[in-house]
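> Going down the list, the protein sequences come from chains A and B.
Residue numbering for the first sequence follows this note's numbering, beginning at 1194 and increasing consecutively.
Residue numbering for the second sequence follows this note's numbering, beginning at 2 and increasing consecutively.
Honestly, the hints are just simulated from the structure, not real lab data.
All of these numbers come straight from a predicted model, not from anything done at the bench.
Just so you know, even glycine gets a beta-carbon here, dropped at the ideal spot from N, CA and C.
Among the hints, erroneous ones may be present.
[What the hints assert, rightly or not] So the derived list for chain B, only partly shown, Cβ under 8 Å to chain A, looks like this: (1) L139; (2) T145; (3) G279.
[Claimed, not checked] Dumping the calculated EDC-like pairs for lysine to aspartate or glutamate here, alpha-carbon to alpha-carbon at most 16 Å: (4) A/K1437 x A/D1683; (5) A/K1510 x A/D1368; (6) A/K1488 x A/D1638; (7) B/K56 x A/D1280; (8) A/K1437 x A/D1240; (9) B/K55 x A/E1300; (10) A/K1380 x A/D1280; (11) A/K1510 x A/D1584; (12) A/K1533 x A/E1301; (13) A/K1380 x A/E1300; (14) B/K76 x B/E259; (15) B/K55 x A/D1449; (16) A/K1510 x A/D1638; (17) A/K1488 x A/E1454; (18) B/K56 x A/D1520; (19) B/K56 x A/E1438; (20) A/K1380 x A/D1356; (21) A/K1258 x A/D1240; (22) B/K55 x A/D1280; (23) A/K1258 x A/E1239; (24) B/K76 x A/E1687.
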Amino acid sequence: MKKLLSIMMAIVMLCTMTAIAVAEDDDWITLRVEAYDRSIAGFNVEDCMQLRYAQENFGDPNHIKIVFVPASRWDEGTLLTQWYASDTCPDLCLTYSGDLVNQMIAEEGIWQLDDLLAEYGQDLVAFLGAESLMPFGQQNGIQWFIPARRLNVANVGNFIRADWLAALNMEKPTDIEGFTAYLYAAKDANLGGEHTVPMHLDLYEANPLYNVVRITDAFLDFTQITEEDWFAYAGYHELLPGTKEAYRWLNQLYNDGVIYENFFLDNATEQDSFLVNGYFGYFTMQPDQPWRTDKNYEIELETNVPGASWTSVNCFKNESNGKYLHDIYAANGLSIIIPKTTDEETAIAAIKYMNWMAQPENMFFLQNGIEGINYLEVTADGIPTNVQSADNVPDENKMHAGDICFISNGLYYGSDEKNALGIALGFPAQYSAEIAQSYVDAYIDAWTQTSFTVPIQASVDYGAEVQSKEAKFLTDVITCAPADFDAVYDAAVEEIIAAGADKIIEEQRGAYLDGNYRGTFPGM
Amino acid sequence: MSTRAIKSAPKKQNPFLRDWRLYLMLVLPIAFYIIFCYKPMTGIVIAFQNYNMKKGMTGSEWVGLANFEFVMSQKSFSTALGNTLLLNVMGLVAGFPVPIILAILLNEIRATGFKRVSQTILYLPHFLSWIIIGGMVLAIFSPTTGVVNSLLMKWGWIDSNIPFLTDGWNWRILYTLVGVWQSMGWGTILYLSAITGINMELFEAAKIDGANKLQQIWHVTLPGIRGTIVILLILNIGQMMNISFDKPQVLGNPKIQEFGDVLSTYVYRVAFPNGSVGNFARSTAIGLFQSVVGLILITSANFVTNRLGEEGIW
């Protein structure tokens, strides 16, 4: 009896498998597309509204089954490296890691896209701009990858507490001196209660000086910095003339209890809670960060501390050139590649998919969703407004504009003016003025971030070591006793150089002298 | 089992046929080792290559010992190697005797209920992830806000904070003790079962001879579990070059980098640098180096043990 049963089971299974095989065996192909997963509660990347729309409007008519392959946004480089090494890449991959793309180009592990784009990607190229964006993806005249178009290149937002300024009867500071006075006054008045720590400072391990460099750049001595040095030291501003005084200033602030004591103990969640509980008087992030719908520091702060509010400040004035330096992104966003493991038919489908995505009505849906659910109204200019935050949208309608519609980094409405308008309309209306001001500040004396169009081998060899020494540098020079500062600073700089920073800088200098660089020099 | 063996011996039955169920049970562990330990071992060839992910293991260019030379010329590598050995030795010295003592103590507890509760409480930390333990350590030992420092300050026992987490040697000691605390309960399991295996008649005989509790422990319990102790010691010595990744990563901070950077965190940085391309060949080279030294250590420890008249692993 048992035997009979198991034989029957086997037959049933065999039949099912043949049935599946038969169903797949026609002219349909599967297109696997990488999709960033940001763990938004209730949002299932593998079965989302945007995927259903793409399947219905692009997949079904073309006999292409679209599959989204989720990749954690925070580990995407590592994941893609693993996929690439094991030949299991999705057919359409995204990455922010320029080094990784450079390596794939060197190994010829990805498709050359010139012919495919010419035949199947005209709308895509038109959207990105054959002259403006496409060259970012070229090396030696070959189009290796597709650079996403970054609409909003602002990067730096500095925020202080509007209510603290009022309580202290102070104007918004406009230079380091005024900013320092604000911090000490807030500390003395204990404006955030007994836990008051006027200055937030973050040690982001992946890039330890990422935030602090925005402040220390105000101390750079541009009378001693040539354009060549600027590009050679890209990413290593702590080794440029003038920054020692910046760290001496931070060291004093730390020793006077103005900076959070445990900033280096890697506990970002704790600092995050301090931010919304009103203990901090300053922090720096993206220009729209306090008002974002996924994590709204402003609303949480207002809830916890009635009357409290963040406001943008523009106070890091460089005394040597009189500029308020703000770095901005280059015009390209993430890099889109088609790995060599994808066959030609699927590669064509991938290009067609992005070409479809570039058409205005499709992009509008993928970025904005459905009127009445994801946004409530449309302005006379055709820009969605009253955009709903994720928790106000039913799970089946949840979406992420940038991650799925990846050819555009930022919401696109057809012109620069409309795009700028769209940014402010994407937030709750009462904050529009603050956000607009923050963006104005972010573009003052802006300089474009440096990138190199050739691989910097020393950066691959020594970058991670230098990075770990930078974390130690930041911790040591800020937390040491003021009397020891000079000795600690010199030793810490020496360690960064010994870990290989000098080799990276020299190679970057060579790349600059050969003209293989992008970006701008703020200068005098 | 023994009677059965005697009975079936004259029939000269094939042992595989006789004990096929036992061999069947062996299939899974053997498959595990083949799939996860032996098959990946072919990958060590990339330690000697300029590994190109597209050309793979067979197509990449051979570079001899260049990867080893690069890694070993790095100052961070020697720091990480030294720290790995030092932290492991500290862990062994402080941590090895603790489970033995605990096991003996637990064995002496007569009240079954109390014994079970104590055992459970002792095992508990083993099941906590290092992320959680890291959070606890931060809450307890932070410079100003930590429980210990704030209490000591309140009582007026100290004038300034004790830098548990930010002073190199303090951190090493804390790292060791936290490790001992986390693993001591779990470590008692093997010893407890070894103690259970000691013939009860030996204890009775000792009692009749007038041995008190301490003498019984010294002359019966400890010799009874000596074999287990020796084998675990050899195995531990073989692990001297290995260090877990999560524990130093979670407990460490940039301030004590010189004291806390170890091979596992170093390998991770080499293989998966943030926002950059990893170098699998170099990290494989470090891994291979670790394994070879580990093999030498375990072989020597076993050799010495056999020479001293104890029973080694082989």
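> All hints, please: hold or fail.
Status of the hints after comparison with the structure:
Of the supplied interface hints, the one on B/L139 holds, with its beta-carbon coming within about 6 Å of a beta-carbon of chain A, less than 8 Å. Residue-level restraint check for B/T145 holds (minimum Cβ-Cβ distance to chain A is 6 Å; threshold 8 Å). Hint on B/G279 holds. Least Cβ distance to chain A is approximately 6 Å, under the 8 Å limit. For a cut-off of 16 Å, the pair hint linking A/K1437 to A/D1683 stands: about 9 Å separates their Cα positions.
A hinted pair counts as satisfied when its Cα atoms are at most 16 Å apart, and A/K1510 with A/D1368 qualifies at roughly 5 Å. Of the pairs offered as hints, the one joining A/K1488 and A/D1638 is violated, with about 28 Å between alpha carbons and a cut-off of 16 Å exceeded. Between B/K56 and A/D1280 the CA atoms are separated by roughly 11 Å; this keeps the pair inside 16 Å, and the hint holds. Proximity of A/K1437 to A/D1240 is assessed by CA-CA distance (about 52 Å); at most 16 Å being required, the pair is judged violated.
A distance of roughly 6 Å separates the Cα atoms of B/K55 and A/E1300; the hinted pair therefore holds under the 16 Å criterion. With a CA separation close to 56 Å, the supplied pair A/K1380 and A/D1280 exceeds the 16 Å bound. The suggested pairing of A/K1510 with A/D1584 is violated, with an alpha-carbon distance near 40 Å, which exceeds 16 Å. At most 16 Å may separate the alpha-carbon atoms for a hinted pair to count; A/K1533 and A/E1301 meet this at roughly 8 Å.
Between A/K1380 and A/E1300 the alpha-carbon distance is near 55 Å, which puts this suggested pair outside the 16 Å criterion. Taken as a hint, the B/K76 and B/E259 pair is honoured in the structure, with Cα atoms around 11 Å apart against an allowance of 16 Å. Of the supplied pair hints, the one linking B/K55 and A/D1449 is violated, its CA atoms being roughly 54 Å apart against a limit of 16 Å. Proposed proximity of A/K1510 and A/D1638 is supported: the alpha carbons are some 10 Å apart, at most 16 Å.
Straight-line distance between C-alpha atoms of A/K1488 and A/E1454 comes to about 25 Å, which puts the hinted pair past the 16 Å bound. For the hint pairing B/K56 with A/D1520, the CA-to-CA distance comes to about 39 Å; that exceeds 16 Å, so the pair is violated. For the hint pairing B/K56 with A/E1438, the CA-to-CA distance comes to about 50 Å; that exceeds 16 Å, so the pair is violated. Taking the CA atoms of A/K1380 and A/D1356, the gap is about 14 Å. The hint holds against a cut of 16 Å.
At roughly 13 Å between alpha-carbon atoms, A/K1258 and A/D1240 fall within 16 Å of each other, so this suggested pair holds. Taking the CA atoms of B/K55 and A/D1280, the gap is about 8 Å. The hint holds against a cut of 16 Å. A C-alpha spacing of about 13 Å is found between A/K1258 and A/E1239, which places the hinted pair at or below 16 Å, so the restraint holds. For the proposed pair B/K76 and A/E1687, the alpha carbon gap of about 13 Å is at most 16 Å, so the pair holds.
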